[in-house]
Amino acid sequence: MVINNFVRLNVRKRAKYLCEYCHSPERSNATPFTIDHIIPQSLGGRVRAIADIQLEPIQPCHRDFLRNMQVRANLVVPILIKRGLWGLLVAHHCQSPHHWSPLDIEMMQTGAQTLATAPYILET
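Numbering follows the numbering used here, in which position 116 of the sequence shown is assigned residue number 116; successive positions increment by one, without gaps.
The set of hints was computed from the structure by calculation and includes no laboratory data.
Quick caveat: nothing in here was measured; it's all calculated off a predicted structure.
Accuracy of the hints is not assured; some may be wrong.
Label pairs and their calculated CB-CB ranges [stated by the list, open to error]:
#, residue 1, residue 2, range
1, ARG27, LEU103, 39 to 45 Å
2, ALA15, CYS94, 23 to 29 Å
3, LEU55, SER101, 24 to 30 Å
Capping the alpha-carbon separation at 20 Å, the derived lysine to any residue pairs in SDA-like fashion look like this [stated by the list, open to error]:
#, residue 1, residue 2
4, LYS16, LYS82
5, LYS82, PRO25
6, LYS82, GLN54
7, LYS82, GLN70
8, LYS82, LEU122
9, LYS13, LYS82
10, LYS82, CYS61
Here a beta-carbon is modelled for each residue, glycine too, at the ideal position from N, C-alpha and C.
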């Protein structure tokens, strides 16, 4: 899903130029905030499997958000419907870093695909 500049600007205005996770001002961050914060466009909206949030190159506010929930490993799968991204299916591992296996990822993708066909999601 491509997000055009008009939509990007409107989202930034709606958020009052704050991170929607931690509410820190965009101007205080070393890099610009992105709309596609969790599953960036650079990854094509694909699955994001992070084995250790301490070592992964992610936005500082995203790392802080996960740390505040005591997350050590993170697996994110998009829930895609015909109109585009509907939401995210997320798994957290909180005890220690965790290598997400191909089976873990496949099961999450199956869950996301099942959710994407649910009538209550298709109606929204």
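> Which numbered hints are broken by the structure, listed smallest first?
Replying inline: 3, 4, 5, 6, 7, 9, 10
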